[in-house]
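Colleague: Join the two chains, each given in its own frame, into one complex according to the hints.
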Amino acid sequence: MNNFKDFYSKEEKREVLSVIVINRESVLSRIVDLFSARGYNIDSLTVAPIPNSEYSRITIITVGVARVIDQIVKQLNKLVPVLKVIEHKDAIEKDTVLIKVPIEENLSDIDVIARAYNGAIQNVTHDAVVISATDEPHRIENFVNIMAKYKPLEIVRSGVVAMER
Amino acid sequence: MSYKSNNTSGQLTGSQIVIEALRRENTEVVFGYPGGAIMNVYDEIYKQDHFQHILTKHEQAAVHAADAYARSSGKVGVAIVTSGPGFTNAVTGLATAYTDSIPMVVISGQVPTAVIGTDAFQEIDAVGISRPCTKHNFLVNDVNDLTRVLKIAFHIAKTGRPGPVHIDLPKDVSADLADFNYDQEFELPTYKPTTKGNIRQIKAALKHISEAKRPVLYIGGGAVLSNCYEDIREFAHQTKIPVVETLMARGIMRHDDDLLFGMLGMHGEYAANMAMSETDMIICFGARFDDRVTGRLDTFAKKAHVVHVDIDPASIAKIVKPNYPIVGDLAIVMKQILEHTKDFEFNDYTPWVEKLHGYRKEHPLAYHEDSDRLKPQWVIQRTGELLGDDALISTDVGQHQMWTAQFYPFNYPRQWMTSGGLGTMGVGLPYAMGTKRANPDKISVNFTGDGSIMMNIQEIITCTQYNLPHINIILNNNYLGMVRQWQTRFYEDRLSETNLEIQADFTMLAQSMGGVGYKVHTKEEFDAALKDAVASNKVAMIEVIIDRREEVLPMVPNGHALDEMLLLEKSQGAK
Numbered sequence: 291m292n293n294f295k296d297f298y299s300k301e302e303k304r305e306v307l308s309v310i311v312i313n314r315e316s317v318l319s320r321i322v323d324l325f326s327a328r329g330y331n332i333d334s335l336t337v338a339p340i341p342n343s344e345y346s347r348i349t350i351i352t353v354g355v356a357r358v359i360d361q362i363v364k365q366l367n368k369l370v371p372v373l374k375v376i377e378h379k380d381a382i383e384k385d386t387v388l389i390k391v392p393i394e395e396n397l398s399d400i401d402v403i404a405r406a407y408n409g410a411i412q413n414v415t416h417d418a419v420v421i422s423a424t425d426e427p428h429r430i431e432n433f434v435n436i437m438a439k440y441k442p443l444e445i446v447r448s449g450v451v452a453m454e455r
Numbered sequence: 010m011s012y013k014s015n016n017t018s019g020q021l022t023g024s025q026i027v028i029e030a031l032r033r034e035n036t037e038v039v040f041g042y043p044g045g046a047i048m049n050v051y052d053e054i055y056k057q058d059h060f061q062h063i064l065t066k067h068e069q070a071a072v073h074a075a076d077a078y079a080r081s082s083g084k085v086g087v088a089i090v091t092s093g094p095g096f097t098n099a100v101t102g103l104a105t106a107y108t109d110s111i112p113m114v115v116i117s118g119q120v121p122t123a124v125i126g127t128d129a130f131q132e133i134d135a136v137g138i139s140r141p142c143t144k145h146n147f148l149v150n151d152v153n154d155l156t157r158v159l160k161i162a163f164h165i166a167k168t169g170r171p172g173p174v175h176i177d178l179p180k181d182v183s184a185d186l187a188d189f190n191y192d193q194e195f196e197l198p199t200y201k202p203t204t205k206g207n208i209r210q211i212k213a214a215l216k217h218i219s220e221a222k223r224p225v226l227y228i229g230g231g232a233v234l235s236n237c238y239e240d241i242r243e244f245a246h247q248t249k250i251p252v253v254e255t256l257m258a259r260g261i262m263r264h265d266d267d268l269l270f271g272m273l274g275m276h277g278e279y280a281a282n283m284a285m286s287e288t289d290m291i292i293c294f295g296a297r298f299d300d301r302v303t304g305r306l307d308t309f310a311k312k313a314h315v316v317h318v319d320i321d322p323a324s325i326a327k328i329v330k331p332n333y334p335i336v337g338d339l340a341i342v343m344k345q346i347l348e349h350t351k352d353f354e355f356n357d358y359t360p361w362v363e364k365l366h367g368y369r370k371e372h373p374l375a376y377h378e379d380s381d382r383l384k385p386q387w388v389i390q391r392t393g394e395l396l397g398d399d400a401l402i403s404t405d406v407g408q409h410q411m412w413t414a415q416f417y418p419f420n421y422p423r424q425w426m427t428s429g430g431l432g433t434m435g436v437g438l439p440y441a442m443g444t445k446r447a448n449p450d451k452i453s454v455n456f457t458g459d460g461s462i463m464m465n466i467q468e469i470i471t472c473t474q475y476n477l478p479h480i481n482i483i484l485n486n487n488y489l490g491m492v493r494q495w496q497t498r499f500y501e502d503r504l505s506e507t508n509l510e511i512q513a514d515f516t517m518l519a520q521s522m523g524g525v526g527y528k529v530h531t532k533e534e535f536d537a538a539l540k541d542a543v544a545s546n547k548v549a550m551i552e553v554i555i556d557r558r559e560e561v562l563p564m565v566p567n568g569h570a571l572d573e574m575l576l577l578e579k580s581q582g583a584k
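Chain order of the listed sequences is A and B.
Under our numbering, think of the first position of the first sequence as 291, with each following residue one higher.
Under our numbering, think of the first position of the second sequence as 10, with each following residue one higher.
Hint data in this document are derived by calculation from the structure and do not stem from the laboratory.
Watch out, some of these pointers could steer you wrong.
Claimed, not checked - In silico lysine-lysine, PhoX-like type, Cα no more than 20 Å apart, as pairs:
id : chain 1 : residue 1 : chain 2 : residue 2
1  : B       : Lys-528   : A       : Lys-368
2  : B       : Lys-344   : B       : Lys-327
3  : B       : Lys-205   : A       : Lys-364
4  : A       : Lys-364   : B       : Lys-528
5  : A       : Lys-368   : B       : Lys-205
In isolation and in its complexed conformation, chain B is listed as follows (with noise of 0.2 Å):
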């Protein structure tokens, strides 16, 4: 134990054993803002150096950002944040991950248990508020009880189906005294995730899928928690199934693969959504039929059988009742599957990719270029094919967003950070921090809108402090755009307060801060911004301004069925 206890008996304060069992968990970094109520605990983080502290401008930004470290890294993401209005600020950032099912423990200070319950200062019940947004959560009266929770705490965030923990941990327990053993082992009857599929229930479905006509895999976020992309693409390659994928799934086949018919949904391609609805065979690893996903649902997949394949039972025939429910860990399954693949006799499905292909070629993921006016999509494909694999992708929520999902050359998983489930604007800038922060070799990109990069744009001197540098592209339509797009489509272009006429100047935002500011409009100042941005190691602003009136299509409206596409009207150019 490196701690000196400053008692004869051996013991560690409250807030020393928060340090050693975080220093247990192999944290080295923890995203945090201190306050009254977890001084002591600060006090000890001043004294350590086992891990790094990145002070962000504000909590919500330090948990997005120890979320997205999560996401891109696949370890649990630490935040510590005070009692009040501090653990309010971080409530947005526990619940994104927890609709993304992102593992990360979040310690929040709380007023001294003596006092809780008498509306003291900085008090607010904050395990009250987070109990709907987290996987579990803890308030610790008891510092005896601490190791214990902080223990399952971890426990809790990365196994089964992931998720943020809460921990809420008032003053007076972060001074007192206690033993410390973290080698011990708590019981936890309660909690015990399936983690292995039901065998004959596997080659059932295998047998099945073997016998039917027109299969397609149906990829979600669960494949890129599980990290089992390999055995993903072994079994498309080995059966020739065609796949798509969810937007949280994006990367787990690479972008080029003849077998990816790209991203399905309200705005999936069109191939996706057809193979989606003439599929006679659902496949789905590790995604939740969202309703993003499904379009109008009694229409939704009309001659299709089902193999849903997810760790949290209740995920399934929540919304889609499967023919095969299979409960289990996709990477255990997916080696479950692999070993009995070559039992089976697949039919011959190149007919069936042939059409899709046919689909494809027949409205293929387009725009149209305008020689006066930056294409948002070009944008996004020109950095791709500059940065590549070499960049990790940010976005925060809106029409760049799915402009990135749709046109970014995705070719790994965790290398696409999104706020998918809760749409969350404003967590791009702090992805990106904390995405750098996770992989320091890599270029961390965030793709972002006029309206999403001004709701955390103070954490560009964060990036300048900690020399987190990273590029933000503020594709800048002077609109929330995708509502915009909603009332063009749905409310005769009344434009409700989504006009962003007035504006920062990005640049000189992004020179007060540290970091270096570009003003775009061709696409050889484009280039050149990109190439100087990523020289220049600095948190770079890049503004690039667009066609206002861009649209993202393909789109599926509300209510409609998937196959009921908005598609972009073929005309001259577009590519």
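Looking at chain A on its own, in the form it has when it is part of the complex (with noise of 0.2 Å):
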């Protein structure tokens, strides 16, 4: 019968949600107060309207076992102006990076490496050279660990969005 502290797998797992909340009263920082309060994570988290509504998606990353991640679902919807949250099963992912890197490094190879991950030389100036990608998550932090070599002056990501199949 219960044995109530083991209820839920305590293995840990990834869960990506898209919270679906109206663009209102300072809806995000209820959503990342309510990651802090209660001692969620949160891996990755992308905002934006949702284009001709009056909502916005909110895409969260968040690790944790099955029991937090139920908690979390069920108190993000509690709140006021959450209309929804998706918890994706089989989801498109992407996330996108800028690396730049001095104008010293060889820029055919680098130029192959980032077409490898579906990406291209942005920019070069006289002292840098910027190249963007954009992939599946797990695919973007090979790219930025290939990347490692060549020095990076700065890596900006963008975090992930999501959207089911």
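Modeller: Here's what the structure looks like:
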């Protein structure tokens, strides 16, 4: 019967959530406050308005045991400005990275690598080159790791957006 | 509309909109405190005669009083404070109401929109502070949005799982003009609380309950909030299932009901905690498996299946995963349950109830009489004998609160005002004030301790001013008693900062603020003082000198299972 302490799986899982919120009343801080107040993790967070509506979509990647994820979803739903929370099961995920490397590095090598990750050189100045890539989060992770050897001056990631297939 | 508009277009100022909205919400009393940023609203309060304004001596007390007004009447409590310190003083009141799901609307002034963010005089990020301790909050930047905000605030406060809503109103917005139409509907597409339970789930739960051997009804504060105690009593009596109540649910069952085995939890009755430990079916109505109720979680109710009815989906499976989760308003779900109860043949639970009566006989709630000193439990029982259903009972927080929960004969819901979730010392006196304001025909009694009472003592004079008589019974042990009890039990009696030997003269304190005071050492003195206090129709302080070392028992020590209780040692004279 019940063993209340272990009623969920103990295994940590990564969860992609889309939170549809009304564009009003400092809604983003409500969401972020909820995570910090209850000790939940945010691995990635992106926000943008949904076109032609009064709503915004917040995409959150969080990691936790099932019990915690379950609470996160319920607590998010409880917030007054939240319309719905989508727990993605089979989503297309995309992350974008911008990397600035010094011009001394081998540009043709960099270009080849970038293209392997659906990326390209975006801008070249007299002392640096900026490349960007958009791909699945784990591939962007690899891309950033590979680019480490070109001694990047700056790395900027967008955070993940997701859409259910 | 009762307002004569002061311009030709028929518009109202923000302050007038506030007053009109309160009138339309049938607000009959507002507790508050004026200040710079809220002065426009107070100017309109001066001009109106729809509601009474009660000026407390401290903003915290204003919010607590509004909270008790709501608890004891079921209506929405309203408080108004100014910006900055006025608001921060109100935060404890908001948090107290939030934790116990009490419907309230609190309006605070704010510096003008033009200077928000400049660290202006008496500016603080009020909505930033109130966010985690309110159900929802609003900063009104535009007077054209004010009517919507006010109407929605009252709606949110009292629907779904109730709670306090905070509105932050900048000074310029309270002076700006806008059209006012309170009859228009405002859409709230993102806020739709579930009210009806899933009928298939209810039937499945009833079937399982009917087949259980040792079911128990575990009733929480939600049962009070949804005003459905009659249906709960009906269900218990039809099925003969024994009942235990949380601290917040006292009064749902009559205290002398044969099926009620008292309060459960850390200071619960032995029989109630044993019922919870041995049950094979917990039927939870509007409770939330708080840590003070479950004790050590991995040993909690090991043999039980769980039916959990709650209006808040987030309360379900937060601590304990139920076999039958039912989201809905308990008042509606109880009707659904009663409609189908007769479809099932319930087991005969008599042997189980008999067993619980055996437990109660073995370890009843009791205390040892002492011929030299008054026992706090006696004081509470005696007050119950003398005042009974005529009294509405408030408490502060600590030993006296637990003794009152254990020993007062509660017979109906909303008879009992206590800070359960947050455990806020200092609520007692303002609770007695708000309760009396909502229930002028009842006797308002505040059981308090010598620690708690000092936290809002200044409100005696408020109650004198507004003729809100009530009786404070101070169970004085010259200690912060509950902390002292833990220090004795778990810190080898090192009484760190809990000794309150130097104290005010409570009698003089009461007299200095227009009240009456009594210092009581014996039973005869107590009886006389209580009768005199009731007759005086003033704010009364009855200081009762009690046994300094009296403890709250039973007690489940932190981290222990619910059936591992420290119990009263048996000896002669236990009552």
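Colleague: Compare the structure with each hint and give your call.
Modeller: We went through each hint and held it up to the structure:
{"no.": "1", "hint": "Lys-528(B) with Lys-368(A)", "in the structure": "50 Å, violated"}
{"no.": "2", "hint": "Lys-344(B) with Lys-327(B)", "in the structure": "26 Å, violated"}
{"no.": "3", "hint": "Lys-205(B) with Lys-364(A)", "in the structure": "18 Å, holds"}
{"no.": "4", "hint": "Lys-364(A) with Lys-528(B)", "in the structure": "52 Å, violated"}
{"no.": "5", "hint": "Lys-368(A) with Lys-205(B)", "in the structure": "17 Å, holds"}
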